[in-house]
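**Q** Each chain, written out:
Number of protein chains: 2
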Amino acid sequence: MPAAVIDGKAISHNPGSRSLRDQLKADIAKLKEAQPAVHPKLALIQVGTRSDSSSYIRLKQKAAAEAGIEFALFQFPDTATLNDILSQIQILNEDNSVHGLLVQLPLPEHIDEALVIDAISPKKDVDGLHPVNVGKLVVRGSAPVIQPCTPKGIMALIRSTGITIEGKNATVVGRGDLVGAPMSLLLTAANATVTLCHTKTSDVVDHIKRADILVVAIGQANYVQDSSKKSGYRTVGDVDYAAASKVAGHITPVPGGVGPMTVAMLMDNVYLVAKGSSQ
Amino acid sequence: MPAAVIDGKAISHNPGSRSLRDQLKADIAKLKEAQPAVHPKLALIQVGTRSDSSSYIRLKQKAAAEAGIEFALFQFPDTATLNDILSQIQILNEDNSVHGLLVQLPLPEHIDEALVIDAISPKKDVDGLHPVNVGKLVVRGSAPVIQPCTPKGIMALIRSTGITIEGKNATVVGRGDLVGAPMSLLLTAANATVTLCHTKTSDVVDHIKRADILVVAIGQANYVQDSSKKSGYRTVGDVDYAAASKVAGHITPVPGGVGPMTVAMLMDNVYLVAKGSSQ
Ligand SMILES: NC(=O)c1ccc[n+]([C@@H]2O[C@H](COP(=O)([O-])OP(=O)(O)OC[C@H]3O[C@@H](n4cnc5c(N)ncnc54)[C@H](O)[C@@H]3O)[C@@H](O)[C@H]2O)c1
Ligand SMILES: NC(=O)c1ccc[n+]([C@@H]2O[C@H](COP(=O)([O-])OP(=O)(O)OC[C@H]3O[C@@H](n4cnc5c(N)ncnc54)[C@H](O)[C@@H]3O)[C@@H](O)[C@H]2O)c1
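Keeping their order, the protein sequence lines are chains V and W. Residue 1 is where the first sequence starts when you use our numbering, and the numbers rise one by one after that. Residue 1 is where the second sequence starts when you use our numbering, and the numbers rise one by one after that.
In isolation and in its complexed conformation, chain V is listed as follows (with noise of 0.2 Å):
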């Protein structure tokens, strides 16, 4: 039996359904009626002109006007110092109209990405990429805090499957900043036992095989063929998806699968600091 698939972009935003981003647009109109003062407002740093990173904040941009969600863009050339960064960091952590602000990664070389997120106010930092922020999914019983988007986004994939994630065993394939780490995170705290692998892994295709969960996020595509025997439900990336899907129970399309979350994730966020600052 082919895998079922898991419609990220029905998910995220179909229109018409009870989508994610139709919920949110509904929360939204919704806080601010109640708190007439609070207009949930995002403020983006781009840093140099990548094409990719362009359409990236397109796409962020129309999902905030789609959401009610004020959006705000900082541009600098790929010359900014970074002094130039940080100061208008400064200036939107302090701005309390400014509820989100993330700055579009990768940055240009000679500008150290870990200084400038570390500068972000972790109270703002709606992309959950800030050390306290990361810190403090693994730390248990500490305060509700922001979920970096992507994973995130994987994890209300999986649920949409209706799969008890709950002493299953999950394996993640890559451990960078952004997906594979704090996926690890957010699985062990919604009590799967994971395995975190990586370039160092001696038997990465084992720990494949035995996962009845898998997330691979190492940015090679392909990467998982057909060594991936054991059947049960699987949330893949970075896979061969005709391959993976004869054997997996579930499987996310590329493009549609967890591209689309991320996006909506980030809204989320916003929305979330929006609502805990008008409290």
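Be aware that a few hints might be false.
Identical copies carry no separate label here, and so any pair may be met within one copy or between two of them.
As the list claims (entries may be wrong) - Derived pair list, reagent style EDC-like, types lysine to aspartate or glutamate, alpha-carbon separation capped at 20 Å:
(1) Lys-25 x Asp-95
(2) Lys-275 x Glu-109
(3) Lys-200 x Asp-212
(4) Lys-123 x Glu-94
(5) Lys-200 x Glu-166
These aren't lab readings, by the way, just hints derived from the structure by calculation. In this text, all values refer to a predicted model and were calculated from it rather than measured experimentally.
Use these hints to put chain W with the ligands onto chain V, whose structure you have.
**A** Okay, now just chain W with the ligands, sitting in the frame of chain V:
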């Protein structure tokens, strides 16, 4: 062949050998000589009179004295309020003569531990429990960081065996904030492939059998009995020592395994902060 014993007591403070404590004492003497204004100092807040806490504190006080670290103890009755503790933390955060600051855990039930830990300046958080320091264990390429003492000590014990960690399968049982969760992060950072097990894990014995390196931190005596058949090298605690030492390549005893390392690593963290602040 029975397991080689990893002697944490000897590694941490055997008098006369080049133990960690001897090394630290020498390093601190050198630091004081080079920077006569710097006197490494650890401040510790105790709330209540639990006798286990009091004896851990005495061990820390003794180790500080041996290493040449000043030690200041601030004691509160167990009726102290959260605000009492936070005010004391604020004073010590701002006191430039204090390099390391920790609050002895556990706290009385009416005090929210997360709020207390959040209030400690991450720069003085020598227990390595502040979310920003935990987050930096996850985020790749972020600044060097204070590592939590017990996992840092366990890493030193594993390294003392001479075994290569990179590429090994490591199973960590327990995902507590003090040991299990940060342990999994340090092992991943050292390029092991880590599986993190907990109370909701359905097949913990399988994960233990697969492990080249095993760390058990669940707070249940003799939890791991004769279930680990594969021979190899394992670093264990909360384990049936007699049974496990027949199958493991290396094993830590209790007492004299991890305990003495924790205190040594705490002192090392105070030294690292003092050294950083003198640059
Ligand atoms: N919304 C989205 O859909 C979205 C968002 C962000 C990233 N991504 C995608 O996720 C993937 C990962 O992105 P990232 O930013 O985390 O990348 P990254 O480069 O930060 O991390 C990649 C990780 O994969 C590991 N890796 C690489 N090759 C491997 C191999 N052969 N075996 C095992 N591990 C290997 C590396 O060790 C590293 O930890 C990319 O494909 C990226 O395009 C998608
Ligand atoms: N220096 C030292 O030697 C030192 C320092 C700190 C803690 N410890 C010891 O480490 C252990 C853990 O301490 P902690 O503070 O992390 O405890 P904790 O209570 O915070 O965490 C215990 C973890 O173990 C898990 N667990 C409990 N029973 C389990 C089971 N049967 N199967 C799988 N998982 C199970 C729980 O889910 C939890 O995640 C204790 O034995 C403690 O005494 C030693």
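**Q** Each of the hints needs a verdict: does it hold here or not?
**A** Now the hints, each set against the structure:
{"no.": "1", "hint": "Lys-25 x Asp-95", "verdict": "neither (24 Å within a copy, 48 Å between copies)"}
{"no.": "2", "hint": "Lys-275 x Glu-109", "verdict": "neither (36 Å within a copy, 30 Å between copies)"}
{"no.": "3", "hint": "Lys-200 x Asp-212", "verdict": "between (22 Å within a copy, 15 Å between copies)"}
{"no.": "4", "hint": "Lys-123 x Glu-94", "verdict": "within (11 Å within a copy, 23 Å between copies)"}
{"no.": "5", "hint": "Lys-200 x Glu-166", "verdict": "between (27 Å within a copy, 7 Å between copies)"}
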